[in-house]
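Visitor: Residues per chain, in single letters:
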Amino acid sequence: DSGVTQTPKHLITATGQRVTLRCSPRSGDLSVYWYQQSLDQGLQFLIQYYNGEERAKGNILERFSAQQFPDLHSELNLSSLELGDSALYFCASSGQGLVQETQYFGPGTRLLVL
Amino acid sequence: DQQVKQNSPSLSVQEGRISILNCDYTNSMFDYFLWYKKYPAEGPTFLISISSIKDKNEDGRFTVFLNKSAKHLSLHIVPSQPGDSAVYFCAASGFGGATNKLIFGTGTLLAVQP
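So the protein lines, in turn, are chains C and D. Just so we're aligned, residue 115 is where the first sequence starts under my numbering, counting upward by one. Just so we're aligned, residue 198 is where the second sequence starts under my numbering, counting upward by one.
It should be emphasised that the hints constitute simulated quantities derived from the structure, not laboratory data. As the structure is a prediction and not an experimental result, all values here were calculated from the model. Where is the CB? At the ideal position from N, CA and C, for every residue including glycine.
On the chain C side, residues computed to face chain D include the following (Cβ under 8 Å): (1) Tyr147; (2) Arg169; (3) Ala170; (4) Gly172; (5) Ser208; (6) Gly211; (7) Leu212; (8) Gln214; (9) Glu215; (10) Thr216; (11) Phe219; (12) Pro221; (13) Gly222.
For reference, chain D alone in the conformation it holds in the complex (with noise of 0.2 Å):
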């Protein structure tokens, strides 16, 4: 059972333009997301979070908004640069506080275009 969906394989964008990536969860006890990037051949690297008690969160360039009725999540990139090409993974957690584990999406490949 799949608690965190990314429902787009792979998106395709011209540089400078928004690039935005999906995600959907199914567990009303996720309280926190996170977006990580991952290039070929390296970890996860942290972009941006949100808890459950927001709707925005900005970081430079990167915006997530949560839409908890919905229980949907997108990060938003604007304006978007070749370097910006990778897979990106929405996260979430949150079991009650018993853990911190991270449960994962499947990952949007994003491939911006100069």
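Chain C extracted, bound-state conformation (with noise of 0.2 Å):
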């Protein structure tokens, strides 16, 4: 067990619908990442955030957005859902998201657009 929570663990839902996927960090870590694994592509990093101000983005779409609340857990929004987003998504978290920190991983949310 990492310490990094994920819900839900399992989300069907259709096109064109928003969802909202939840993590909680290891406690004491500061900082969570976002990432999705989908079939066809690895871990693609989406984006970070650290003590709630956003510190860097990857590959996200602009129909996701994220956010770090002053409890330190973060929500991955997911809207206006094509086929194409179903995907792993996984979060993690390191202390103070500095370089040669170690990322542990939560369990993921595996989402299902139909």
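These two chains come separately, so use the hints to put the complex back together.
Guide: Below, the structure is given as structure tokens:
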């Protein structure tokens, strides 16, 4: 158990809908990262937050947004969902979000868009 | 452009023998490398890491070797056990300190035969 929790574990929804994925980092970690793993791609970095502020953006679509709250949990919002958004979404956390820090991953949320 | 490459999609090894998983990278800005293990329906689990100032790091049965001039790293597992059967991801970070985002390879499926 990495100490990172994600809810829900599974999500089935329809195209055009909006969903929210939630992540709680390990106790004491200030930085949260979101990654997407789809069938035809490996793990792709989406976005990083540190202590409530966005620190880095990767291949995140404009239809997707995220935030980190004062209690350090984070939410990833996916809107106007398309079939191609079906994927595993992982959250990871690390202490300060600094280089050479190990990231610890949650169990993921499996999203299926029908 | 795949900056981190794992050219072997799969590897089969006998129990007790050595497993060698390979990873190549192209970006010379990377200065921290990690290996993660992933079981189906679980998040990636951190195994071992290495900083670019080192060429070897050991942790129990796992050793990571880094050859900076060749931009190549490898993970050695000795002795291999059936419980090691999983997908192994190589990841890299280090973009001049701007972010700790990870760039992942596509993974190698290791099967350890009893």
